[in-house]
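Fit chains B and C to the known structure of chain A by using the hints.
Given next are the chains, with one letter for each unit.
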Amino acid sequence: MLAADEGARVIAGGQTLVPMMVMRLARPTRLIDINRIAALSYIRGDGDGIAIGATTRQCVVERDALIATKVPLLARAIPNIGHAATRARGTIGGSLANADPAAESALVAITLDAVLSYRAAGKTADIPAREFFIAPMTTSLPTGACLTGVRFPVWQGEKIGVGFHEVNARRSDFAFVSAAAQLELGADGTCKRIAIGVGAATDFPLRLDSAEQHLAGTKLDAKTVDAAVREALADIETLADLHASADYRRRAAVSLAKRAVADALADAQGSKPHAH
Amino acid sequence: MSAAGHHRYVSADRRVREDRRFVAGKGQFVADVELPNMKHVAVIACPHAAARIKSIDKRAALKMPGVHYVLDGAELAAATHPLMTGLDTPHVPRRPLAFETARYSGEWVAAVVADSRALAEDAAEAIEVDYEPLPFVLDAEQALEKGSPLVHEAHGSNVLLDKTFVWGDVDKDFAASPRKLKLRVKWGRSSTVPIETFGVVVAWDPWREMLDVHASIQMPRYADQIGAALKIPSSSVRVHYDVDVGGSYGVKRGIKHTVLCGYLARRLGFPMRLIEDRLDNMRGGDAHGPERLFDVEVAFDNSSIVRSMKMRALENLGAYAGRSPFQLGKPIGAIVGPYKIKSVQYRAIAVVTNKTTQDAVRGFGQGPTNLALERCMDEIAHVLELDPLEVRRRNLIRHDEFPYLIPSGTTYDSGNYETVIDKVVAGSGYDELKKERDRLRREGKLAGIGIAACLEPSGGNATFEALLNPAITTSTFMDSCRINVDGLGAITATMHTTSSGQGHETLVGTVIGEVLELDPDTVRVVRPDSLNSLPSGTPVGSRMAIMLGGAAFHAAQKLRAKLTAIAAHDLGIPFERAVYKHAEVHDRDAPANRRTWAELVGIAHRNYHRMPEGFEPGLAVEHVYQVPTGGTLPDKDGRVQMYPCFSFEFHLLLLSIDPDLGETKILRYRLGHDCGTQINPKIVRGMTMGGIAHGIGAALYEEFAYNDDGQLIAQTFMDYLLPSSHEVPPVDIVDHETPSPHTVLGQKGSGESGYLGAPAAIANAINDAIRPLGISINTLPIKVAKLGDLIAAAQERK
Amino acid sequence: MRIELHVNGTPHEIDVEPRTTLLDCLRDVLGLKGAHAGCEHGVCGACTVLFDGAAVRSCLMFAAQAAGSAITTIEGVTPGPGELSPIQDAFCETHGMQCGYCTPGMILVAHALLADNPEPTREDIVEAISGNICRCTGYAQIVEAIALAAERLRGVNRPRSPSK
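So the protein sequences, as listed, match chains A, B and C.
Counting from 1, one number per residue, gives the positions in the first sequence under the numbering used here.
Counting from 277, one number per residue, gives the positions in the second sequence under the numbering used here.
Counting from 1075, one number per residue, gives the positions in the third sequence under the numbering used here.
Just chain A, same shape as in the assembly (with noise of 0.2 Å):
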């Protein structure tokens, strides 16, 4: 029904795709309502990582105790989304499918290196996070494609900490910038491993690759860390709207990315990290 007619739109919460046709800024032919697919919604073990359907609610994995503990960051980042009211309704596919560029999903999505699966022309495909975003609102699901479900790795370990901070306007607004951290402690306490995300300050969400690889090894100390990030973010091209600056995004950025680092840090090393 969806390759054979071009207008068609799938709707899965309807947290973004309604207000849009209310404005009339969205005309769909025809709406193809995947909310009662039993089958995609669910929160699962995958071999060496959790799967999540895609209509699974937001607010149903806000609550998941398999999320919280073999899915940190993400557990972390979903209550940044929206409303309680629109977390009883959005799902996990829908805000990865809506690509918005301040979606903390797709921003833990490419923090962890998730891997999105959908359905097209009766065959399942996978694609990494990292390749499924290419601009804002838009992501490289053929036409005609459904988003089935997400996959996001585990990290084994012991000291696994993640850290997660947004700025914007009002507590429940859409970032201007948003930073996840997840990492992981050697006994001696330097880093084995680190993954550090920023969103909403670009066209999608990026990973801070350079500053990972300077990073791992190192004790994290605050001046690594500054530098590492700063230099990651140096030549970044940030948005700009009516609520903050490109400048304003791209000094949010840095800032950010350290307090995830710095609370990602001190969760691992077992103190409760700070509120945002």
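Mixed in with the good hints there might be a few duds.
Computed far set for chain B versus chain A, every beta-carbon distance over 10 Å [what the hints assert, rightly or not]:
(1) Val442
(2) Gly705
(3) Arg915
Interface residues of chain C toward chain B, partial, derived using beta-carbon atoms under 7 Å [as the list claims (entries may be wrong)]:
(4) Lys1107
(5) Gly1108
(6) Gly1112
(7) His1115
(8) Glu1149
(9) Gln1162
(10) Phe1165
(11) Cys1166
(12) His1169
(13) Cys1173
(14) Val1200
(15) Ile1203
(16) Ser1204
(17) Gly1212
Just so you know, these hints were derived from the structure itself, not from any lab.
Just so it is clear, CB atoms sit at the ideal spot from N, CA and C, and this is done for glycine as well.
Below, chains B and C without anything else, positioned relative to chain A:
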């Protein structure tokens, strides 16, 4: 009953009777009104900041299913009079639909009538309007320049008002002052933005020649204005006041919507319903608020005593003006705030631009003026290296100086500002706050304390109309109440306007219960329609407690006197010996000799032979109450008494700013509030907290922002940011009661409280916080990223 | 299209256009006027209803999507004509409203919160209502209403003293 007297129901912690229907979802809002055969209206908005309308092609729309009519501005202009304006500006006509030229992006150019709103919107998309874009101007200062595009060419300039007043010897006071300071302050374009948009349902009965209007309205002389525009007698307009209004705070003034629907209802013979959607409301609802640029100069001495002030206020009205220019006039009645400034020069300029039209917003211009004045007080403290609180204390009008005449001709009724402030800073409060601020600063945060000492003029003696427009000679501002006790003794009282959450039914019941010494909950309060109403105003100018409360009080006093006279006559005793107590009357000299309520009702309704001679049967009384201290017009020097009562509020807060992100966090907030006698403390507190929340919005979040193309870019709730529960901190409110000598119970107004000082206090706190960086900010709203950019620039320079 | 909606415990067979939102359906088809339109883009919360017990925006759903689920509106939490629920009564006690337009949504959010968390902290309450904009009150008396309702509801559920 004296103002200082002991009250039984007034000031008691009693419930608000209106609340019962609202918690059950049983308010009767305009969108809940359904009339048989009702048709739905959608409007077509101009996409350009200014454009000539070359043609409107309706053909495709008219062929669509369920579509009845497409109305354009030419047809409507030929059939109706332009809408009423406050100033005499005949070449700046305002109409519901643009005629020949559209003057802002979002202005309505046509309207579609269909069987449902969705069908009307479908058809609206099929209407093709051919526009020729015109040059436009968005900025008020640019609009003043020679060569600027003219918003209304026939008017010859963009200036609708430019008036300078000089009260006192400003030149001499400036010359005699060793210190001067200039400040430019800007209040950004925001508004009250109620959660219910404006809506109206209009039906025309050609056989009775009656236009029935249900609307979410808060507008003085609404029925008169509808009649005048539609060229029908105002006695053919029946406005139903028993519609609950879902918030207004000034702006619910949909006269253009009403005239549009009134015309269509008469033209097509169906009831018409136009409920704005949020987009209609934000860009075309004509409900923006002040956007004001102040240039202020103050003259003071080395001990910080302010002697004189020169204030220039430039208002960006948007494309058309109803009453909005008067928002430059109302603050004249409290132009010096709570301070003893001896002389003032005030220049008020209002210009039109290609932005959405404004209407009245909570405070009617007082909030912006208070911001300018309070920013100056802080800057004076800074240059003299004095504590800002001390500067205010030195300049305050003292309790023993009331009544106090300010230079612009208004006499303040009463106040005890020093006591309110003392209560707020009681003990070590202020010093603790300073210690906390300094501790935060040592931790590397930016932190600041904000103070604002502000007045809320209340009572609505709106003589600024005559001051700004000499053609106006209105000195009458009234409100009314009728009380009827029926044959079984039940009491019904009336009020004659809509309410939008202020609890007026509770107000009327409480006051009548107090006077008649009976349970207020037994007093039924109803709202007759406009044709059955006595002369009344609407809830503007923070006036209802004073005016409706005053009318209800006097009507109840008349009833009490009549009951007493009937009893005295029936008891055969002189009137002076008859004592009214607890809804009965007894003989002072023989208390057992009495007449109960039921007996008196029986006499009045059924025993005319027992009535005093000349008395009308029954127990019906009414009172039309003129505003206290009102009834005068401006003198030749532009001095006049404006509002009768002046409430006082003192804000004290501590906030921190994240230096990297510009995020502000209010850590402590205390408010001292004195609105005289509080008739219902729950209502007063709610109004005040709501006002603070609204003020936080104006200070930090809310702005109708435009891009360079003249497009409103904050036109949804995703871009126009209303404070949520996260953004409003707990506020510790400290009450004080200085009764007004002018009002029946000592009450003053509180409908604008909190809002009139919160923006000033927050702006002062932010400036205190960023001052160590050598910067200041005087433009509201102070949005997160804007503040972040400003701080970053300052840090780079260092 | 023809759908069956379960609203306030009653099934309704109704005809709606596919594009009809749940909000419009409740108001215009079923005559339940307690849910209000504020922004119609999911920000203000005036249209809040309970959807299988969770507070959701009825303006962000199509009526057709609600078929088969339990919808509760403000009319459904009112015990009877002229009677108030403990939460409604608490809102009256603290005057947790002014114009009443956002009030049904606030009360339904409070229902969802207290069903889940009988002892909410101030922060919990603030978070729960943060998706519902009130322009009148500045929220203080709403927060107090919900805290009062929670306290009273806990009292109702507390076991009676075993002394008798």
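| said: Tell me the hint numbers this structure goes against, listed in increasing order. | reply: none
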